[in-house]
Amino acid sequence: MAPDLRGAMRAFATGVCVATTYRDTPGGRRHDAVTVNSLGSISLDPPLVSLAFRRESAFLGDLLATGRWVVSILPADARDVARRFAGPRATRVVAGLAAKPGERTGALVLDGASWLECALAEKFDLGDHTLVVGEVLATGHDRHAPALVFVHGGYHSVTDPRHVSGPGQWGEAL
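As numbered in this note's numbering, residues 128 to 301 make up the sequence shown, in order.
Simulated from the structure, these hints should not be mistaken for laboratory data.
Heads up, a few of these hints could be off.
[Stated by the list, open to error] With a straight-line Cα cutoff of 20 Å, these simulated DMTMM-like cross-link-like pairs (lysine to aspartate or glutamate) come out:
1) K227 to D238
2) K250 to D238
3) K227 to D207
4) K227 to D151
5) K250 to E183
None of the values given here were measured: they were computed from a predicted structure.
Whenever a hint applies, use it, and build me the whole structure from the sequences.
Have a look at this one:
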């Protein structure tokens, strides 16, 4: 009997992010976004992060074609945004979002707790997923935004009562 990895990992709280990328087509730029909770910080010098996607993911195909993406880390009040991009590609509509193209990547930066613009540094096929490692080109954050986490099959809010939410602070390019 195989280990119940999914069951065991349900107890591990993860941050909730939306990754965005695009593909340039004859009809113009087509943006895509997907909810992820596999974000990992790899290195501070150079600044590297990782994400994992199913190998057959259309989003992954676009990301590998452009080599550029943004990870927007969602605040506690963005459960609807997380759900919106957790489904099949046909239901992941980016129109109408509070977002702007990243200055370093062109991928959409969502209004949220923080964001990272990334350029593809490496990719590794591991099991049924592809791990992408990105060099972080630019960041921004709101240090007072309560965090959205996913644990035990649902979204939850993590807040620090010592802080009061304030306006977002956009960071500088690295």
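Evaluation of the provided hints:
Our distance criterion of 20 Å between C-alpha atoms is met by K227 and D238, whose separation comes to about 8 Å. A distance of roughly 27 Å separates the Cα atoms of K250 and D238; the hinted pair therefore is violated under the 20 Å criterion. A threshold of 20 Å between alpha carbons decides the hint, and for K227 with D207 the separation of about 19 Å falls inside it, so the pair holds. At most 20 Å may separate the alpha-carbon atoms for a hinted pair to count; K227 and D151 meet this at roughly 17 Å.
Of the pairs offered as hints, the one joining K250 and E183 holds, with about 14 Å between alpha carbons and a cut-off of 20 Å not exceeded.
Of the hints listed earlier, the one the structure fails to meet is number 2.
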